[in-house]
Amino acid sequence: MNEAAAAATIAWPLSLRLAHWLSAILVLVALGLGTAMVQFVHDPAARFELTQTHKSIGIIVLALTVARLCRRSLGRAPKAKPATRSLRVAAKATHIALYALLLLMPVSGWLMATTTPVRVPTVVFGLFALPYPLAPDLAIYGLARATHVALAMLLAALIVLHVAGALMHALVWRDQTLARMWRKPMRR
Amino acid sequence: MGTTGAFQNIRVRFYLAQRLLAAIFVLAFICAGAQAATRAQSWRIDEAQTWIGFKIDAVGFPTTHGHFAHYSGQVLIDFDRPAKSFTTFTVDAASVEVGSSSFNEFVKSAVLLDAERFPTMSFASTQVEKLDAHTARVTGTLTMLGVSKPFTLTVNVETDPSAKGRAVAFVAKGTIVRSDFGMKFGIPLIEDALEITVKTRALTDE
Numbered sequence: 011m012n013e014a015a016a017a018a019t020i021a022w023p024l025s026l027r028l029a030h031w032l033s034a035i036l037v038l039v040a041l042g043l044g045t046a047m048v049q050f051v052h053d054p055a056a057r058f059e060l061t062q063t064h065k066s067i068g069i070i071v072l073a074l075t076v077a078r079l080c081r082r083s084l085g086r087a088p089k090a091k092p093a094t095r096s097l098r099v100a101a102k103a104t105h106i107a108l109y110a111l112l113l114l115m116p117v118s119g120w121l122m123a124t125t126t127p128v129r130v131p132t133v134v135f136g137l138f139a140l141p142y143p144l145a146p147d148l149a150i151y152g153l154a155r156a157t158h159v160a161l162a163m164l165l166a167a168l169i170v171l172h173v174a175g176a177l178m179h180a181l182v183w184r185d186q187t188l189a190r191m192w193r194k195p196m197r198r
Numbered sequence: 002m003g004t005t006g007a008f009q010n011i012r013v014r015f016y017l018a019q020r021l022l023a024a025i026f027v028l029a030f031i032c033a034g035a036q037a038a039t040r041a042q043s044w045r046i047d048e049a050q051t052w053i054g055f056k057i058d059a060v061g062f063p064t065t066h067g068h069f070a071h072y073s074g075q076v077l078i079d080f081d082r083p084a085k086s087f088t089t090f091t092v093d094a095a096s097v098e099v100g101s102s103s104f105n106e107f108v109k110s111a112v113l114l115d116a117e118r119f120p121t122m123s124f125a126s127t128q129v130e131k132l133d134a135h136t137a138r139v140t141g142t143l144t145m146l147g148v149s150k151p152f153t154l155t156v157n158v159e160t161d162p163s164a165k166g167r168a169v170a171f172v173a174k175g176t177i178v179r180s181d182f183g184m185k186f187g188i189p190l191i192e193d194a195l196e197i198t199v200k201t202r203a204l205t206d207e
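These protein sequences, in sequence, are chains A and B. Residues in the first sequence are numbered from 11 upward in steps of one, following the working numbering. Residues in the second sequence are numbered from 2 upward in steps of one, following the working numbering.
Rather than coming from a laboratory, the hints here were simulated on the basis of the structure. A virtual CB, placed ideally from N, CA and C, is assigned to each residue, including glycine. Don't take each hint at face value.
Unchecked claim - Example chain B residues on the side facing chain A (calculated, C-beta under 7 Å, incomplete):
hint : residue
1    : VAL60
2    : PRO63
3    : SER96
4    : GLY100
5    : SER102
6    : PHE104
7    : LEU113
8    : GLY187
9    : ILE191
Turn these sequences into a full structure, and let the hints steer you where they fit.
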């Protein structure tokens, strides 16, 4: 194994590190906005505007996640730190579930937007209109909505788990796992 | 039947047609005279006190209240013969206000008001009935999205005592079933029926 390949196995490429943190911010905003707009916003115009922003953010998350997965498939992920088998499995499962939800959340949201009888164009940050491939259908909309809400709660729980894991690495086990998502780790 | 019979038949018809025409003329003269004698008085609309609004409920979305900023209207009042009163209102569809510019744009778009194709909506009364001292029922024609349908408003009428009979306040309420006019967007999540309220104050110098 040459030196570049060896470095690649201990560090995440810059593009993936940037994408991770950008995704983290967008996902937290989308989750917060999505919850707040349906729970606490009772002004119709504000609800309309926030829904438009929420949809735009979701589509950016979808595009970013697809790009991240493509980039990730090009290289090898840094090796996981030695841990018990059950912890390794739990971490792996959480990561796979997080990626899956980053795809399924926007897709179920998109499904809601296309099947709702109240079909409002999704113009992503005012730039381009998202195609709506399905016709309005109240039954599919209800299903998509229930899925979107359930997955949102699951996503929130997995984020807590993911952050707890990162904090365990940084504060308890005192390894480079969290640090390497910030910067290239120092050679030992 | 012979030729004579047919000829007589034509003469009878001609005679009847003449009588009918005469009757119509007489009736027209009587009506014109009556109209001139009891002409309803035209009142000015106090724009500062006029509000043409609507309210529509939806499932999973807050109740939306909106109004139209640009309109024109006419009020003719005949207190002695309320049935002779008349009103007409026209609103600019593009002047709809629902609270934010992008929400306004959406309401103006082709799926709802379609303001580009149908720039105005109008109501013209055809019948005014006094229900009690302060209430009237105004029936007329509402034209929206190029469709005209009968429409009824219940109007509360309050004369302003301080204005010495020179001001009358009206609050008119009615329910539009929008699908009747071809506006089917969002049904059943957005209600088919929407409430409209027209508040206005009419003024006169006389």
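| Against chain A, is B/PHE104 within 7 Å by beta-carbon distance? | It holds, given that the least Cβ distance between B/PHE104 and chain A is near 4 Å, below 7 Å.
| task | Using 7 Å as the Cβ threshold, decide whether B/LEU113 counts as touching chain A. | result | violated, 11 Å
| If you take the shortest Cβ to Cβ gap from B/SER96 to chain A, is it below 7 Å? | Where the cut-off is 7 Å and the nearest Cβ of chain A is about 16 Å from B/SER96, the hint is violated.
| request: Double-check B/PRO63 for me: the hint is only fine if its C-beta lies closer than 7 Å to a C-beta in chain A. | output: Because about 5 Å separates B/PRO63 from the closest Cβ in chain A, which is inside the 7 Å limit, the hint holds.
| task | Double-check B/SER102 for me: the hint is only fine if its C-beta lies closer than 7 Å to a C-beta in chain A. | result | Check failed: Cβ of B/SER102 comes no nearer than 9 Å to chain A, outside 7 Å.
| Do the numbers back the hint for B/VAL60, that is, is its least Cβ distance to chain A under 7 Å? | violated, 9 Å
| Satisfaction of the B/GLY187 interface hint, Cβ to chain A closer than 7 Å | Check passed: Cβ of B/GLY187 comes within 4 Å of chain A, closer than 7 Å.
| request: May I ask you to test the interface hint for B/ILE191 with respect to chain A, counting a Cβ-Cβ separation under 7 Å as satisfied? | output: Since the shortest Cβ distance to chain A is 6 Å, the answer is holds.
| task | Classify the hint on B/GLY100 as holds or violated, based on whether any CB of chain A lies nearer than 7 Å to its CB. | result | Since the shortest Cβ distance to chain A is 3 Å, the answer is holds.
Of the hints listed earlier, those the structure fails to meet are numbers 1, 3, 5, 7, in rising order.
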